[in-house]
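First to last, the protein sequences are chains G and V.
Just so we're aligned, residue -1 is where the first sequence starts under the numbering used here, counting upward by one.
Just so we're aligned, residue 3 is where the second sequence starts under the numbering used here, counting upward by one.
Think of the hints as simulated: they come from the structure by calculation, not from any bench.
One or more of the hints may lead you astray.
[Stated by the list, open to error] 16 Å max Cα-Cα, derived EDC-like pairs, lysine to aspartate or glutamate: (1) G:Lys358 with G:Asp172; (2) G:Lys358 with V:Asp92; (3) G:Lys304 with G:Glu282; (4) V:Lys87 with G:Asp172; (5) G:Lys304 with G:Glu233; (6) G:Lys334 with G:Asp88; (7) V:Lys94 with G:Asp6; (8) G:Lys425 with G:Glu366; (9) G:Lys73 with G:Asp98; (10) G:Lys219 with V:Asp143; (11) G:Lys304 with G:Glu232; (12) G:Lys334 with G:Glu41.
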Amino acid sequence: MTLTISKDAVQRALSGHAAIGLLASALLYIICLTGTVIVFYQEWQRIEQPGAPEMAAIVPDAVQRGVAAVLRAEKGRPATTHLYVHMPVDGLPRTTITTDHQAFHIDADGTIAMPEENAWSEFLLGAHYALNIPGFVGMTIVGIFGVMILALSLSGIVAHPRIFRDAFRLRARDNHGVGLADWHNRLSVWTLPFSLAIALTGSMIGLGVVGAYGLAAAFYKNDVEAAYAPIFGEEATPDATPAPLANVAAPLVWMAKNHPDLRPTYVILHDPGTRGQHVQLIAEHPRRLIYGETYQFGPDGTYHGKVGLSDGHLGQQLAASTYNLHFGNYGGLPVKLAYVVFGLALTVVVATGTSIWLSKRQRRGLREPRLRAGWDGVIWGVPIALALTFLTRLLIGNEAPLIAVFWVLTIGIPMLAVAIRPEPRPKRLLQRLLVASATAGLAIVVGRIVL
Amino acid sequence: MSETASLVWIGAAGMVAAVLQLRRAWGLPRRSAMQNGIGWTLMLAGAALALAGDGAWGLAVASLFGMASAAMLLAHAGWTAPASKARASDRKAHMLPQPGEPLALGRRLLTFLLTVPLACAAALLASLGARAAAGMAGWSDADGNAMALLLLPLLWGILAFWLLMLPRRRTQWVCLAVPAVAGLGLVFIGGAV
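Please take these sequences and the hints and turn them into a complete structure.
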């Protein structure tokens, strides 16, 4: 088994790189583009529902009143097993209470203000997380694409022996294929740490269920929850006997008194209104990659200890760091902006990969206008589909069938390009459509703010 | 500003300096191991300082500084590059058959099966084996389980790449079988099943 960077190895790496790239290109492009847009998940929610009440902080008693009010509004529905209070944070200064059935924004005094309406943001998150496929199947598929990025990165480096030496050379004005190849190779090199981090954390999140099922089968007698418990903590034993509502204000008071430097991001009430209920408070630790530490409290608000995500086993800290590292929410707006730039760069790398392959074939005399038009339809059609889905949300409202709109357009635009408009090349037409749809969305958003 | 906080920013500055130095070194008419070494040393030192200052958070932030400065240098290179008539590489990927060659669909399908589902299975068994070995070595369940969850995609990605680099089918099967059998053996020795 010899594997030096010989000419043969370089050729095999190029062949493998092209094979994986072509096989994965369209879906990988969708995952990368939606991942770039979802960096502003919090900001999208504020754009979607600009009238929701905002506050820099909320007092613990108001949270308690809000929880009680939302649970009263649950009457007639099956008992909720979990209740989440999203606490106001810098990126999303809103208090929102979510049950298994509904979600409400809460005023600063704890009264219910309005239902939460963030269908676009949730659609976008679902598109990136699971290609909008329900259950863990979609997440697993997206996880596999993370693995493909890892394999593409490795094969790309071996396939291009001069890739580091030429790392600062960008002949952007060259039209003879050189410019396209330079964009692909330079952006790949300089976003390599970002791409590897995103791919590894993304595939860890996506394939987590597969790994957990494996761990459960091998070590925990098929109990999947038991496989996660050493990392994220155990679920308490439920007891459905009715009981007075748990004290959710006391944990917030305890946190403000004992850890004034930490910021609560979520209060989670398990099995509310039962004897088995308990409270978890997730608090953000400044200058850490972990999404937070889970502090646990009894129904009367007494502190029961923490899970250990902040200072427990290294494995706990590692697992808790994957989410922030993947989504770029560990340093406010500057880090988000950096993630958008690098995410866009990764998206361009994916898009140009297939374009390079098509251009080479064209230079060799293979005329494939339909194939080229189809790829144009993917590259420009997906952002058009995103823009039009956003427009649909703005014009029709929170109930609009966003998933259907997005996927019909995403599949339909390339098919139409292949079938009826392969020549002249549809690129310019699609670019104009994208500018028009994005401008329309922007105009509506600005209009709403101004008016 | 605390001492550890300033370490992060010194580390970030080191990363920026490293990128600038590499730009200089790679632009020299002749390759200079010393100039390259200075660049990589600066990068390592920057990473170490950021890590010492604020752990993984510091390293992530300092890395963003390095990548951002490289992006700016690239933007400058793209902006100032003159148009040329250089021809792009026409290296063939040899991924699709040439005109007249058979499609070899069976061979391609087998390559797909080896690199996707079978490599996934092998990576899963290997990561579970590593988890079993970690348990026998006295690691906590939290560390062992997190390691297994990390290793699954990492090993799969490496295996998929490695398999495509191997010219013979037999060596591909060996490459899959070794981690799978080793992992399975370790699971039976150290697992609960």
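Query raised in the report: Which of the numbered hints are not met once you compare them with the structure shown?
Result: none
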